[in-house]
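Protein chains in written order, with full-length UniProt numbering: chain A, 1 to 354; chain B, 1 to 354; chain C, 1 to 354; chain D, 1 to 354.
Derived from the structure by calculation, the hints contain no laboratory data.
Everything hinted at is true.
Facing chain D, a subset of chain A residues (Cβ under 10 Å, in silico):
hint: 1; residue: ILE183
hint: 2; residue: ALA186
hint: 3; residue: ARG188
hint: 4; residue: PRO190
Everything numeric in this text was worked out from a predicted model, so none of it was measured.
Ideal Cβ placement from N, Cα and C applies to all residues, glycine included.
Protein chains: 4
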Amino acid sequence: MKKIRVGIAGASGYAGAELLRLVALHPQLELATVTSEKSAGTAVGSVFPSLAGLVSHSFQSLAPETLLADADAVFLALPHTKSLDPVAACMKAGKPVVDLSADYRLKNPAVYEQWYQTPHRHAHLLKDAVYGLPELHRDAIAKARLVASPGCYPTAAILQLAPLFAHDLVQPDTIVIDAKSGISGAGRSPALLYHFPEAHESLEPYKIGQHRHIPEIEQELNALLPGNPASNKPASMVAFTPHLVPMNRGILSTAYCRLKHPAALADLRALYRTYYKGASFVRLSDDIVPNPRYIKGSNYCDIGVYADQRAGWVVTVAAVDNLVKGAAGQAIQAMNLMLALPEDMGLTAPAAYP
Amino acid sequence: MKKIRVGIAGASGYAGAELLRLVALHPQLELATVTSEKSAGTAVGSVFPSLAGLVSHSFQSLAPETLLADADAVFLALPHTKSLDPVAACMKAGKPVVDLSADYRLKNPAVYEQWYQTPHRHAHLLKDAVYGLPELHRDAIAKARLVASPGCYPTAAILQLAPLFAHDLVQPDTIVIDAKSGISGAGRSPALLYHFPEAHESLEPYKIGQHRHIPEIEQELNALLPGNPASNKPASMVAFTPHLVPMNRGILSTAYCRLKHPAALADLRALYRTYYKGASFVRLSDDIVPNPRYIKGSNYCDIGVYADQRAGWVVTVAAVDNLVKGAAGQAIQAMNLMLALPEDMGLTAPAAYP
Amino acid sequence: MKKIRVGIAGASGYAGAELLRLVALHPQLELATVTSEKSAGTAVGSVFPSLAGLVSHSFQSLAPETLLADADAVFLALPHTKSLDPVAACMKAGKPVVDLSADYRLKNPAVYEQWYQTPHRHAHLLKDAVYGLPELHRDAIAKARLVASPGCYPTAAILQLAPLFAHDLVQPDTIVIDAKSGISGAGRSPALLYHFPEAHESLEPYKIGQHRHIPEIEQELNALLPGNPASNKPASMVAFTPHLVPMNRGILSTAYCRLKHPAALADLRALYRTYYKGASFVRLSDDIVPNPRYIKGSNYCDIGVYADQRAGWVVTVAAVDNLVKGAAGQAIQAMNLMLALPEDMGLTAPAAYP
Amino acid sequence: MKKIRVGIAGASGYAGAELLRLVALHPQLELATVTSEKSAGTAVGSVFPSLAGLVSHSFQSLAPETLLADADAVFLALPHTKSLDPVAACMKAGKPVVDLSADYRLKNPAVYEQWYQTPHRHAHLLKDAVYGLPELHRDAIAKARLVASPGCYPTAAILQLAPLFAHDLVQPDTIVIDAKSGISGAGRSPALLYHFPEAHESLEPYKIGQHRHIPEIEQELNALLPGNPASNKPASMVAFTPHLVPMNRGILSTAYCRLKHPAALADLRALYRTYYKGASFVRLSDDIVPNPRYIKGSNYCDIGVYADQRAGWVVTVAAVDNLVKGAAGQAIQAMNLMLALPEDMGLTAPAAYP
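Extracted from the complex, chain A is given alone in its bound form:
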């Protein structure tokens, strides 16, 4: 079978490096073109020595028409607001596109403008965009031409709370999501906050209640409420605090909520098992608490459900690799679906431990 040729735009960051790695390992995908503005003209193996000898391409400048001429399908790993036009170009050319930015994730363009300080100049395309979380939107993704791949924090937060929302179990105004991320989540551009001596032996809460991933978490969770699929108005709002933790990769999200009615832990866990039946990349863990060390480099999302009966809280813990299930891996998982390939193709490798 002839391989499908893919183009990757904006690949000199960490998510881009992971796309390059995962495409290189994928049995049915083949790299056509890779772009980066700051590394244009440089060999991939010079920017990412890990790929030396494995990827022979050089980075090019982004020119959508060239990218599209060469590629059967496209991944866009551009910064937020920079994907607006390239997505439109891909759509026009009829090429399947997975956009890793936030530009097409929010259904309501006013919400996008509010959080990203940019008007959404292709708002008419939003109805075609499917939020790229296959565990929630598998069928829609398979039919989509445009997938808006989720942010790293939302991947963990939505997956750990979705079964509770789908059964309308959660008391509104009781949801706290305390998320912790490895520093690669901040990207590859040096800055004081990510300078090794500042970030090491350090633990940095940031953008308390103000992180841009909040609206997509609320959009997706509230859409799961029975009888509420089409509403964009949040029924629940979440307290969300991200923290930078001194590790390279991985997100651990600890979410707290109170239930509308008491429930036994065993019943809650059964409900999660049913909800994620058949989801190749969700692993439910009872005795072993999820931890980034079990999933780093892999596309798995480990979820644990716990109950603090004494104080009346349900606590869920989710771990994902921010660059794989939280970015490049999830994008390929969606692309597999769009291309009618097996959903898990090229993505089943486990974490190297330790």
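Got chain A sorted already, so can you dock chains B, C and D onto it with the hints?
What follows is chains B, C and D alone, placed relative to chain A:
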């Protein structure tokens, strides 16, 4: 002025090492005797090479009478349940004692027995014990002969929430404390969970809703409620999840709650400033979010207050060094008060940065 | 094609976890049996949660006859001195075996006894054992039934110096190998030295001039000298100091030597390129200095050659993943050769970066 | 006694932060003025939150005359080549100055120009400059008005080899210094190499044989050779490779050499003890190998001497904190001597462990 001679029992762990370091730096304290069962007979400088040339003592076996004969005042850094009798011996000998274990922290012996699976065989002494958080109990500590020094997590959690409780602002059943600790908080005994390759590139939630520090947090916070000082029955219960983070030292505690009535952020911050006026070791930080890197090795507790007006939560962040303000430093701070020395004597050194 | 069934003995350590991971990814190998004394009866996914859902076996106790009945080929990842008998059993059963211990690496049983304090009770098998470094002994490995897979440090040290020895360029008594290893190299058994707070913000030289990997480095390098293939008496001895570095994986070896005759750097580099022509897993790097971050989790060995013309030294730097090219990956590379599979089958995945 | 007022120029880097911390702790020094170009106008506590509440000054722009008007003595923590003129201004004003840059370390201006690509426009002052390693030049420092404080690597390298050179024991052309540094040694300016995800799980050799600290190591060691004090021509050259290690602080230097005549280890160690008799900050360690974790945040230099009798090498290991004994602490140690204060005043605090 003649120095006051102190004995330290159980000093071959990390809190003990810090007691040795801080006593060596203290202008009015002098080490009389130091004990450790597993290192008895070994020079301090062999167990802790950082102290080589600075502390000339060797560890001895714990024999309370010898310890007491030699020392004017005593620090007990023994494991939980192992301080019950030595404290009684110190009390009998009339020597001021600061106990770093949990054995005399909880006012209600039934609560102690429930969480520590051990009957409290000296329950009559509990009325003499003062919870050793000087920011809350300065005067009582100064008059006490027995101080029960707080746990590391409770130091952060209580200090970050105390002003809100003292003004009865918090809605019960809305308190979530998500705490993160460096691995030294787990002590110095090797185990798989703390083995470097397991703990590095790792983030481990543990004892979700079940950590033994919960009852002292609830005891101290509820006691602050106006009109409720004597009650041991928790008015509020807290959801508490500790996490192990790949750093050596430091606790970062992120606490969430909802208020009974809306409040402006500026008013909340003013309330904290008033509450902690004169507290040498509490630093309130508005623009710079507290981070363990600013306080490691020091006795400071940095606190930041934030408001998520959109979702209706108050978020407070506290950072302490688990071994200093969370253990040895706080114990010395209390001892200074008991000995009528300046509260901050020997404790003002800032963190070495980075 | 029917898969080849492999047994793995002693797989509850880190090298064992890597063997399990790499076998799971290998297109032609299939796990038959896996043993561990301390984890016998436990599911692989409970000991290594990274493999949950991917490896369904449970650990068994080692019983060589069962292992051999079930498996077409065997990997032994047992501690040093514990492989002596199992290897003999495999040989008797005629099953190809790759032994990851040191037990069959040294040609001279007296040298083995001196460094491992154990008489070699199967010394007659040593003539059948091939030192499992495919870059040096590819043909012999392909014909062997017993491969003694190299230690992690020797893999780096031998590969970085082999071309110089093969051309007899090195002045004896000038070779210094300063090696640095991630902590996983110390294994998975907790001990104070590897306790996170001790090993973090720490850098530990150990066994200075006394590490057991020294004799195999000297054996292999001296055997490369023209005219000296059969001698076991070292022509050169090396100064070798290993260090523990606060990272999980990876070895960086910095080797220094003086040449018998001056040589231009370009000529030296050309000589390395020629020597490693066709070696799939050796990557020569000129501008980018080898670093564990480029090879972690992969089977590559990156080598850089540098000249300090001013002071008269050649400095070579090699990076390998101690658990892959330094252990499990190399063992599979040798097994591929023994089984007449492509040498790089199942081993080409690059490092996940960062 | 009235405190001595000191000015610090260029204090917004890590060495500057340490100078501020150590001056704050010093019983006889008091901060007069502190300058920084990039942080001028900002409060010290905003740039270094660790010092909030402890240092009330704001950074100013450097104006030598103001600095000198205000201060009794001066520390210059400016970048290399930027101290040339300010030192001259201090000398003219007759104020004692400790310069932490390399500008006055090398006796031979031609060597300076060669390694720093800048002509030394105040070469006539070099004769007045004393190399600020008190263990070698105590008396000269006490009489000096200009002290050139050593680099971090040379502090370790010179101290670990000095006794061997002073007794002319070392074979020339056999000296290898393999040095490892925490990332704070690279300064506080963000760059890709020091970006957390690049520097973590990473180990980077750099400037192999080309680091600017080489000439001062050679200058100082060769000057110790009997009969050779005045010569600037190196009798020995060293192979020197620095490495960046994923820790915040600390240098570990492993040095190898061959002796002119065989010597027993006990004799070598005795020789070191004699040489460093009375040196408050050198700790000789036999059984416990020096490790940065024992000295971080402190002014101690731990040294261990080992012999590889089999292969014929002496291996010495030295550990210093690059920012304290390798920079700010050593500068204050020299200033104490210049000001006729006790050499160790304000500097005896041990490392916080772990």
